[in-house]
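S.K.: Take the sequences, apply the hints, and build the full model.
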Amino acid sequence: AQTVTQSQPEMSVQEAETVTLSCTYDTSENNYYLFWYKQPPSRQMILVIRQEAYKQQNATENRFSVNFQKAAKSFSLKISDSQLGDTAMYFCAFMKHEGHNAGNNRKLIWGLGTSLAVNP
Amino acid sequence: EAQVTQNPRYLITVTGKKLTVTCSQNMNHEYMSWYRQDPGLGLRQIYYSMNVEVTDKGDVPEGYKVSRKEKRNFPLILESPSPNQTSLYFCASRPLAGTQETQYFGPGTRLLVL
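Note that the protein sequences, when read in sequence, are chains A and B. Heads up, the first sequence is in the working numbering, so the first residue is 1 and it goes up one at a time. Heads up, the second sequence is in the working numbering, so the first residue is 1001 and it goes up one at a time.
Just to be clear, a hint being listed does not mean it is correct.
Partner residues are not named here, just some residues of chain A that face chain B (Cβ under 10 Å, in silico) [stated by the list, open to error]:
hint, residue
1, R106
2, K107
3, G111
Here are some chain B residues the structure puts well away from chain A; computed CB gaps all over 12 Å [claimed, not checked]:
hint, residue
4, R1009
5, G1016
6, T1022
7, L1041
8, R1044
9, E1053
10, E1062
11, E1079
12, P1083
13, R1094
14, R1110
15, L1112
Note that these hints are calculated values from the structure, not bench results. From a predicted model like this one, the values you see are computed outputs, not experimental measurements. For each residue, glycine too, the CB sits at the ideal point set by N, CA and C.
M.R.: So, in structure tokens, the structure goes:
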């Protein structure tokens, strides 16, 4: 069974600085997807970034980028130029790749989250 | 605007009083799913549906029912709620096949069972 571990329950960073959130996972699958979701105080679940395991290039979305190390099963999120609006809970999640079988559940497997506070 | 909606957003009820949380998506997604979020336990899947009239249990289905009579709707039913079902509930959807693998989430429903 797949598991996702986020080893940092809480982190803080000063506004405009850079912070890295850690995520490791365990799987025997070769093809899969990894996601970072953000949950602000509103509790809405917002996709930050996604990575396909078969792609060697690290995904980037504006100030957000990942460091995907497939062999080490590591998927860290880097937030550059942190802003007050980045204050939120961040969740790392794993999902198996579909392959040619469109009939299975392929639910998201979640880490327990990292609470990030951006300080002015 | 592409979205997943849930109603109600907040609900306080008493033990044993049947309730339904509605979920609707306007993206023509085949796959829909319900999760609950609890402190220290993260998000866990309750039920999912691959398409109309096709539903199955997730990891924590006890005490819940679902139905999928229409593609856009996937209501979560608590026939006899208990205090251990106090939680934050999320509905999510995605296409079943193709290259778009991202799940889209509703805004969440916060439920308190007294």
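S.K.: Does each hint fit the structure? Answer for all of them.
M.R.: Now for the hints, and whether the structure bears them out:
no., hint, result
1, R106, "8 Å, holds"
2, K107, "5 Å, holds"
3, G111, "7 Å, holds"
4, R1009, "9 Å, violated"
5, G1016, "26 Å, holds"
6, T1022, "17 Å, holds"
7, L1041, "8 Å, violated"
8, R1044, "8 Å, violated"
9, E1053, "15 Å, holds"
10, E1062, "17 Å, holds"
11, E1079, "23 Å, holds"
12, P1083, "20 Å, holds"
13, R1094, "9 Å, violated"
14, R1110, "7 Å, violated"
15, L1112, "14 Å, holds"
When held up to the earlier numbered hints, the structure conflicts with 4, 7, 8, 13, 14 and fits the remainder.
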